[in-house]
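Protein sequences, first through last, are from chains A and B. So the first sequence is numbered by my numbering: it starts at 1 and just counts up by one. So the second sequence is numbered by my numbering: it starts at 1 and just counts up by one.
Don't take each hint at face value.
To be verified - Calculated cross-link-like contacts (lysine-lysine; reagent style DSBU-like; alpha-carbon spacing at most 30 Å):
| hint | chain 1 | residue 1 | chain 2 | residue 2 |
| --- | --- | --- | --- | --- |
| 1 | B | 368 | A | 378 |
| 2 | B | 47 | A | 216 |
| 3 | B | 47 | B | 71 |
| 4 | B | 47 | A | 324 |
| 5 | B | 47 | A | 60 |
| 6 | A | 382 | B | 368 |
| 7 | A | 60 | A | 324 |
| 8 | B | 47 | A | 367 |
| 9 | B | 368 | B | 218 |
| 10 | A | 197 | A | 19 |
| 11 | A | 60 | B | 71 |
Simulated from the structure, these hints should not be mistaken for lab results.
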Amino acid sequence: MSIDYSEKIPNNVNLASNKTLQRALEHWQPEFLHWWADMGPEGTSDVDVYLRTAISVEPKGWAHFDYVKMPDYRWGIFLAPAEAGRRVNFGAHKGEPAWQEVPGEYRANLRRLIVTQGDTEPASVEQQRHLGLTCPSLYDLRNLFQVNVEEGRHLWAMVYLLHAHFGRDGREEAEALLERRSGDADNPRILGAFNEKTPDWLSFFMFTFFTDRDGKYQLCSLAESGFDPLARTCRFMLTEEAHHMFVGESGVGRVIQRTCETMVANRTDDPARLRALGVIDLATIQRYLNFHFSVTMDLFGSDVSSNAATFYTTGLKGRFDETKIADDHILAGATYPVLEVRDGRLATVAAPALNALNEKLRDDYVKDAQAGIERWNKIIEKAGIAVRLKAPHKAFNRKIGPLSTVRVDPDGNVVAEADWTHHHLQWLPSTADRAFVASLMGRVAEPGKFANWIAPPARGINNQPIAFDYVRFN
Amino acid sequence: MPDPAFGVLRQHLIDPEICIRCNTCEETCPVGAVSHDARNYVVDPAKCNFCNDCIAPCPTGAIDNWRSVDKAKPYTLVEQLGWDALPAPTEVAAGTSSELPEDVARITATATQGQGGDVRPPWSAAHPYVNIYTLAKPAIATVSGNFRLTAAGASSDIRHIVLDFGGTAFPVLEGQTIGILPPGLDASGKPHHLRLYSVASPREGERPRYNNLALTVKRVNEDHDGRPVVGVASNYLCDLRKGDPVHVVGPYGTTFLMPNHPGSSLLMVCTGTGSAPMRAMTERRRRRIALKEGGELMLFFGARAEGELPYFGPLLKLPREFIDINFAFSRVPGEPKRYVQDRIRERTPDVARLLEDGNCFVYICGLKGMEQGVDEAFRDACRRAGTDWDRLLPELRAAGRYHVETY
Numbered sequence: 001m002s003i004d005y006s007e008k009i010p011n012n013v014n015l016a017s018n019k020t021l022q023r024a025l026e027h028w029q030p031e032f033l034h035w036w037a038d039m040g041p042e043g044t045s046d047v048d049v050y051l052r053t054a055i056s057v058e059p060k061g062w063a064h065f066d067y068v069k070m071p072d073y074r075w076g077i078f079l080a081p082a083e084a085g086r087r088v089n090f091g092a093h094k095g096e097p098a099w100q101e102v103p104g105e106y107r108a109n110l111r112r113l114i115v116t117q118g119d120t121e122p123a124s125v126e127q128q129r130h131l132g133l134t135c136p137s138l139y140d141l142r143n144l145f146q147v148n149v150e151e152g153r154h155l156w157a158m159v160y161l162l163h164a165h166f167g168r169d170g171r172e173e174a175e176a177l178l179e180r181r182s183g184d185a186d187n188p189r190i191l192g193a194f195n196e197k198t199p200d201w202l203s204f205f206m207f208t209f210f211t212d213r214d215g216k217y218q219l220c221s222l223a224e225s226g227f228d229p230l231a232r233t234c235r236f237m238l239t240e241e242a243h244h245m246f247v248g249e250s251g252v253g254r255v256i257q258r259t260c261e262t263m264v265a266n267r268t269d270d271p272a273r274l275r276a277l278g279v280i281d282l283a284t285i286q287r288y289l290n291f292h293f294s295v296t297m298d299l300f301g302s303d304v305s306s307n308a309a310t311f312y313t314t315g316l317k318g319r320f321d322e323t324k325i326a327d328d329h330i331l332a333g334a335t336y337p338v339l340e341v342r343d344g345r346l347a348t349v350a351a352p353a354l355n356a357l358n359e360k361l362r363d364d365y366v367k368d369a370q371a372g373i374e375r376w377n378k379i380i381e382k383a384g385i386a387v388r389l390k391a392p393h394k395a396f397n398r399k400i401g402p403l404s405t406v407r408v409d410p411d412g413n414v415v416a417e418a419d420w421t422h423h424h425l426q427w428l429p430s431t432a433d434r435a436f437v438a439s440l441m442g443r444v445a446e447p448g449k450f451a452n453w454i455a456p457p458a459r460g461i462n463n464q465p466i467a468f469d470y471v472r473f474n
Numbered sequence: 001m002p003d004p005a006f007g008v009l010r011q012h013l014i015d016p017e018i019c020i021r022c023n024t025c026e027e028t029c030p031v032g033a034v035s036h037d038a039r040n041y042v043v044d045p046a047k048c049n050f051c052n053d054c055i056a057p058c059p060t061g062a063i064d065n066w067r068s069v070d071k072a073k074p075y076t077l078v079e080q081l082g083w084d085a086l087p088a089p090t091e092v093a094a095g096t097s098s099e100l101p102e103d104v105a106r107i108t109a110t111a112t113q114g115q116g117g118d119v120r121p122p123w124s125a126a127h128p129y130v131n132i133y134t135l136a137k138p139a140i141a142t143v144s145g146n147f148r149l150t151a152a153g154a155s156s157d158i159r160h161i162v163l164d165f166g167g168t169a170f171p172v173l174e175g176q177t178i179g180i181l182p183p184g185l186d187a188s189g190k191p192h193h194l195r196l197y198s199v200a201s202p203r204e205g206e207r208p209r210y211n212n213l214a215l216t217v218k219r220v221n222e223d224h225d226g227r228p229v230v231g232v233a234s235n236y237l238c239d240l241r242k243g244d245p246v247h248v249v250g251p252y253g254t255t256f257l258m259p260n261h262p263g264s265s266l267l268m269v270c271t272g273t274g275s276a277p278m279r280a281m282t283e284r285r286r287r288r289i290a291l292k293e294g295g296e297l298m299l300f301f302g303a304r305a306e307g308e309l310p311y312f313g314p315l316l317k318l319p320r321e322f323i324d325i326n327f328a329f330s331r332v333p334g335e336p337k338r339y340v341q342d343r344i345r346e347r348t349p350d351v352a353r354l355l356e357d358g359n360c361f362v363y364i365c366g367l368k369g370m371e372q373g374v375d376e377a378f379r380d381a382c383r384r385a386g387t388d389w390d391r392l393l394p395e396l397r398a399a400g401r402y403h404v405e406t407y
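Let's have the full structure, built from the sequences with the hints guiding it.
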């Protein structure tokens with residue numbers, strides 16, 4: 001299924017056959033470009049970037065590399081190939097043919113799921129719009145821009161669903177997606193983590209590692225949806241999302257590597273000395289990790305949630321790897337352990353599995369994130385350093401759900417407010433930490449050169465050399 | 001691709017150090033060849049049909065790794081699941097010859113581990129001939145000389161052995177190795193394993209225009225841990241007399257080769273009989289002094305004491321402006337132990353300058369134990385000179401400027 005690039009909006013959904021939809025999207029397109037010019041990466045309209053563009057959704061076609069000016073990037077609508085005879089695989093409608101149109105009774109819930117997912121895409125572009133000015137290398141700058149254009153494309157994916165399947169409501173929601181602004185007091189983005197600042201590149205790498213990984217898990221659950229267009233859209237988005245997590249994992253890994261090299265070469269683990277040498281000490285990296293991990297924990301929603309149960313039972317949103325799980329996929333009598341605050345302590349209780357689906361997804365995510373942290377630890381281990389990074393307890397620093405009512409330390413102990421006040425600067429990045437990291441952020445924009453605080457990558461993009469001209473300034 | 005003619009499989013592997021476990025490959029693979037556990041993503045050699053659908057979607061490039069292996073013995077899933085890093089490519093993987101004896105592939109893989117991956121020969125290296133004589137059809141050479149190189153009282157017996165090939169063509173380059181087949185059978189009744197020796201003479205022969213070559217052989221009387229053991233091949237070679245026939249296979253080696261362009265420099269670090277290839281290269285350059293081709297030679301040479309150093313006398317006669325020699329002796333009574341890495345550190349400015357010089361090629365040969373020390377010494381030299389070894393090393397490797405053979 002190839003993508004028609006002769007169209008104003010590249011697509012593989014035969015947009016030309018539906019003139020009303022085509023016109024509606026062509027009307028939305030200039031608004032999107034206007035938003036991109038306003039809120040997209042700053043000062044980049046005339047820059048040539050070595051980007052990956054999908055030219056088909058088949059494996060061979062979707063990684064086509066060339067220089068592109070970002071406003072000319074071919075944002076379009078791509079759905080993964082349809083799976084013949086696909087069925088609803090869970091919930092009350094299990095076994096029915098998958099829906100090609102929105103079932104009337106689930107319209108509001110489905111729209112809400114799509115809008116919530118869609119809102120995160122432009123939000124992260126907004127959060128990252130100043131980072132280009134302080135890039136540590138052309139290689140990293142290119143990766144940032146690739147992430148940005150693909151988040152833009154993910155917005156297109158969700159907007160297509162809203163326009164194609166939700167009529168006037170959908171069109172209004174699509175416009176609202178361009179009106180909300182990350183961090184805006186009056187009209188903020190829907191989810192908390194997407195209103196946080198991404199002020200420096202360590203935050204960016206942490207964000208792409210932790211928060212984009214939440215995206216992966218949400219998309220995986222939506223890719224199981226009984227509403228087939230949503231499932232196919234998310235499946236294709238996942239292939240792009242993998243790159244974002246790569247940027248995060250390798251980015252933090254390279255920061256760690258540079259720090260370790262400096263520790264070994266100077267035989268020191270003194271944070272002050274390391275900071276003077278211009279690298280980020282491991283303790284600060286751990287605090288950034290704690291912050292981004294805990295903020296992302298909140299994105300999964302309340303630990304016990306009747307909405308989650310409804311989304312599942314009605315076949316709208318499945319579990320991670322739903323079709324690979326061996327159970328009845330209905331979960332009527334099943335339970336799942338969740339955390340609760342009881343007598344001032346954390347206790348594990350059995351909640352109905354249907355209501356605990358957020359928690360289940362959170363646990364799947366934690367396992368995946370922990371494996372990534374272990375790979376960072378391998379870098380430290382290889383350098384012969386005894387320190388290890390660690391994911392904080394999932395109840396640490398929560399702002400949503402019952403766990404937000406108590407203070408929990410990174411090891412999972414409930415602590416008094418006074419203890420929290422006393423210790424939280426050891427656990428979370430302080431203003432001084434952030435100021436230090438910000439002080440390292442100078443722009444390095446010469447091919448093959450890297451800022452002192454980060455090691456070069458193991459491999460270039462698309463097998464290009466590391467010193468390749470990934471971004472050309474005109 | 002599987003190549004039935006040679007029994008070699010180009011095995012598709014995933015680099016666990018770069019892979020982020022995003023599952024894209026497993027999702028993409030149309031034949032279910034990719035699977036994973038909590039640790040690694042792996043490719044089943046029995047299922048992979050080389051359609052390459054997984055290559056482009058991989059965000060990291062981890063999926064795009066290949067090793068040439070014996071078709072009958074690909075890396076199993078269990079092996080792959082246990083990896084922290086990809087195994088170093090063997091000589092077979094360098095795409096040179098697909099039917100090297102197993103012993104050669106195994107020994108070479110171990111010897112070149114310190115290079116840390118694929119290395120190319122210098123761009124101006126001459127084209128090497130490899131594997132002309134096989135186990136089934138070895139060349140037969142005649143011993144034309146066998147001299148002790150170490151002093152009479154020295155603890156080691158190192159010999160300079162000259163083999164004459166008569167009318168048999170046996171072209172070698174400096175840095176290449178040849179295989180020696182000791183006669184007879186081992187305790188289990190099988191023929192002895194072949195042993196590899198670096199050629200110690202330049203390409204035109206120990207005696208120019210005669211069809212001969214030299215080896216530097218140390219009589220092995222103890223193993224790495226000092227336990228008494230009689231080295232089969234080394235004792236056989238050291239005891240050879242003029243006129244004795246020797247079965248030789250090879251030659252081998254396509255990367256540990258010297259540059260040939262005028263102005264190229266050599267930075268050589270060796271211990272003991274690791275001096276063989278250095279002697280070959282130095283001798284090649286010495287014979288061409290009159291051509292005034294330029295370039296520097298810098299040698300770091302370690303041994304227990306003067307008397308243990310092969311080629312000590314001849315080396316001392318070479319003019320200082322031709323070669324800059326730095327000896328390191330670790331067992332001289334009454335003197336502190338000195339190792340090659342100490343000497344390298346003492347010569348920081350020159351070492352750092354040569355490492356940065358695109359026309360300088362680095363060769364390290366000797367005992368495995370020296371690798372780490374030399375690596376650290378280079379790192380120190382770079383740091384003091386304001387450069388970064390971790391950045392330089394990959395550049396050196398990529399440019400075919402860094403060669404390691406240790407045993």
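Violations among the numbered hints, reported as their numbers in ascending order: Those not satisfied come down to hint 10.
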